[in-house]
Amino acid sequence: MSTSTVSTPAAAPPVEQRSALAPLGKPFAAVGGVLGIVAALLPWVTFGLKDGNWPDKSTLQFFDAPFAVTGFRWHVLLLGVLILVAAFAPVPSKGRVVRALGWGLAVVSFINGAYITVKGGGLGAITALDGDVAFGSIVGLVGGVLAILAGYGIGIELPGQWKVKLSTPVAYLVLLVSFAAVLYAVAAMLTTGGVGTSNPYAGAIFLSFLGFAGGVLAALSGVGFIRWLSVLSEEHRVFSVIVLAACALLLPFTEAGNEYWMTVAANIGIYAATAIGLNIVVGLAGLLDLGYVAFMGIGALVAANFSGAATAHFGITLPFPVAAVIAGVVAGIFGAIVGSPTLRVRGDYLAIVTLAFGEIFTRSAQNDIGGITNGSNAIPGIPPLSLFGAEFNKSFSIGAVKLPAGVLYYILIVLLVAATMAVFANLKFSRIGRAWIAIREDEDAARAMGIQTGKKKILAFLIGATLAGLAGAVFAHKNGTVSYESFKFMESVTLLAAVILGGMGSIPGAVLGAALLFVLPEKLREFEEYRLMIFGLALIVIMRFRPQGLIPDRHRRAELADEDVGGVPVDEVHEVPKEAKA
Amino acid sequence: MSVLLQQLANGVVQGALIALIALGYTMVYGIIQLINFAHGEVFMVSSYGGLATFTLLPDDLKKSPAVALPLMFVGGIVIAVIVAVIMERFAYRPLRNAPRLAPLITALGVSVFLQEAVRVWYPNAKSNLPYPKVFPEGSLTLGTINVPWTGVLLVVLSVGLSVILQTYVNKSRMGRAMRATAQDPDTAKLMGVNPDRVIVLTFVFGAVLAGVAGIMFGGYLNNINIDMGFQNGIFAFTAAVLGGVGSIRGAVIGAFIIGLIKTLAGQYMPGGTQYDYVWIFVVLILVLVFRPQGLFGEPERVRA
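Chains P and G, in that order, are what the protein sequence lines are. For the first sequence, my numbering gives the first residue as 1, with consecutive numbering after it. For the second sequence, my numbering gives the first residue as 1001, with consecutive numbering after it.
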């Protein structure tokens, strides 16, 4: 893959848009912000929904409780105020910030409005009905759209660059506060809308929260805060890693600290670890693997067979650490075998070889090959892990503090993810990692530079598969059942989507991608039917508009198109198609 | 011996079906180097389109196969073409200059989307749907071999259409434009070829053939399900690779080989039909490793 350097001038103004909207920028932003605030205080619903009141049923609430603003209305209010602040305070990259906040406001208003409309059976639900009026969502949506237009009017510039240098203690404090905010945001993301099906509005509330969080994060990124924070955390890497790990371990003590969310978080962690492994193969070495979940399956099967479950094939029961190592090794060996065609096969063809391998695995496992997979009956009854007599799936207390059940699995998996991250980061910045990136960019050039491309590519497969095997071993014990059903083609695609959605080659990206793709189904149970369809559509849309992912890797950020600087769509900053003819 | 002959005949029919789908893969890959994962779903959609056409027909027309069957072909093919054109225009065309992984992932997305769209929106699509009995019944008996007439029709259609396609691509003006675009899109453009038109037309041809395959699949097996696209799509892709991607003759011959492997491995290899799938993939991997250009493909070009 050869890439032309992005040649967009640093602050190219969007000429056409500026001419039309420029004078309207600030007024639009002002009106948009005010409308946001007004919308938050207006009533939103003209009736009571049959499942109980829409959160904070707001009919005419403006008159009896003008300041009792909670839930999504609190988000709307906050966004309105922020738009006003951004419009009139000296904020770097003003247009970008206002646009991001405007999107947040529009999305929150639209989601809530649409949901109320659908549930309430018509537009009367969000306008006027039986003498009640409730224009909140419409006013909010208009405000949001105005703010988006205002953003274009003010002009979309590059995100701000902060040059502030901090002394070490202050930097520590900033990092501590920021990561605590991240912890809070994660807990809030998990718990908004309540546990699973207990709240009939969970899906809509969650989407609305995502809209809010996305808007605010994009605004922070526009201001340049996120870039600055990431530079800062890189300067104090050890401290950041410790704080981040501590935050992850503190999650059980937040609102999310109950059995349900510990289980969900642990599942996300397993897939995040696997996604990081896949990121080595796809993100670093650029080898598309469409059968990756098979390695996780192999790890899980090995661990299951050594676990002492009733249907285990081998008569021996090994302690978990030993079984996990064996699982990793076996998966790694298979990884090397699957990777060996890379010596001769490239690009799309390699993707097909991996897909073929994945399918062979599924078929063989389904048919109980060698009696070790138990076919469609699966291997049930794998005992949970235990340490010093504490079973991992029971609740657990330290002194007086009683922790929810499943918390030990959660901690184990946090450690697993941390270990995978460490492996990934060290590899990425090592000689091997640089060799992989070179192979990804141009294999022939890499070989000319003296890289043994064949060995390095097989190594990528081997390491990726080993990590997946380890994750699979934990998966087996945590879920108690191993069935080929969990390791089908769709799972490989989901993992790949997690890597791509987050940003190829980036560690936080893989975790974020896995979190989004595996939390969403938990939250959107009421849309269960459409889940995969939305997922397919999302893949198409991401590839179209943001192929570099949500948190692009720094290197790739330079290689792929930058953010849509100055209104130049990403796809116009294109690669030179490489057509080397024989 | 009679078992062997019967399985050979079954294999040829399977191969004919796979060939119709494989042509779509091979032509698209030949021109824009895209593995169009969603092509198998186009085949599936056309099958449902044909069924929907039949369901919408008035009752008296349903009873006369001479009218209903052609209408089903038309319905299925039209739906397949519409889907393929929309897919090309909105999913693939914007990515024509993107990094190579991007369109492949988009293709996966399109594939998932189409499959789910049919599952959710087509009535009762969650279970196998029976296909209407408007096809010629009975079977052709040659000695000990028994081939349903639908199978015979499938083979005739498949061979006939691929000969027509081959002739078109080799002889016609548009066919020349296609070959030119496949060799070098930029130079072709300089020679007055409109690449967008050529590419759309390629997708349309692929969709028409997949449409025929979709209807005939229903006729031959008597019921359809939403997984048929993915499975047969993979077989077809394997066939295209085996024959040498980009070569029409190669795709057809590759398809017949795959069909024969499937039936013969199901009969004679350990594990039986449960593992026939596996043998196809083993063959695929071996071909890719030892003869990546396929049986009839041009020698490997260096690709990024």
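Incorrect hints may appear among the rest.
[Claimed, not checked] Dumping the calculated BS3-like pairs for lysine-lysine here, alpha-carbon to alpha-carbon at most 30 Å:
| no. | chain 1 | residue 1 | chain 2 | residue 2 |
| --- | --- | --- | --- | --- |
| 1 | G | LYS1063 | P | LYS119 |
| 2 | G | LYS1171 | G | LYS1189 |
| 3 | P | LYS165 | P | LYS119 |
| 4 | P | LYS488 | G | LYS1171 |
| 5 | G | LYS1171 | G | LYS1062 |
| 6 | G | LYS1171 | G | LYS1063 |
[Unchecked claim] Facing chain P, a subset of chain G residues (Cβ under 10 Å, in silico):
| no. | residue |
| --- | --- |
| 7 | GLY1109 |
| 8 | GLY1160 |
| 9 | VAL1204 |
| 10 | PHE1296 |
Since the hints were derived computationally from the structure, they do not count as laboratory data. For each residue, glycine too, the CB sits at the ideal point set by N, CA and C.
Comparing the hints with the structure gives:
At roughly 44 Å between alpha-carbon atoms, LYS1063 of chain G and LYS119 of chain P are farther apart than 30 Å, so this suggested pair is violated. For the given pair, LYS1171 of chain G sits about 20 Å from LYS1189 of chain G by alpha-carbon distance, which is consistent with the 30 Å threshold. Taken as a hint, the LYS165 of chain P and LYS119 of chain P pair is broken in the structure, with Cα atoms around 52 Å apart against an allowance of 30 Å. Annotation: proposed proximity of LYS488 of chain P to LYS1171 of chain G is violated, straight-line Cα distance about 44 Å (limit 30 Å).
The hinted pair formed by LYS1171 of chain G and LYS1062 of chain G fails the criterion: a straight-line CA distance of about 40 Å is larger than 30 Å. For the hint pairing LYS1171 of chain G with LYS1063 of chain G, the CA-to-CA distance comes to about 41 Å; that exceeds 30 Å, so the pair is violated. With a least beta-carbon distance of about 3 Å to chain P, the hint placing GLY1109 of chain G at the interface is held under the 10 Å criterion. Among the interface hints, the one on GLY1160 of chain G is violated; its C-beta lies about 29 Å from the nearest C-beta in chain P, farther than the 10 Å criterion.
Contact between VAL1204 of chain G and chain P, as hinted, is not supported at the beta carbon level, the nearest pair being about 21 Å apart and thus beyond 10 Å. Checking PHE1296 of chain G against chain P: minimum C-beta separation of about 16 Å lies over 10 Å; hint violated.
Of the numbered hints listed earlier, those contradicted by the structure are 1, 3, 4, 5, 6, 8, 9 and 10.
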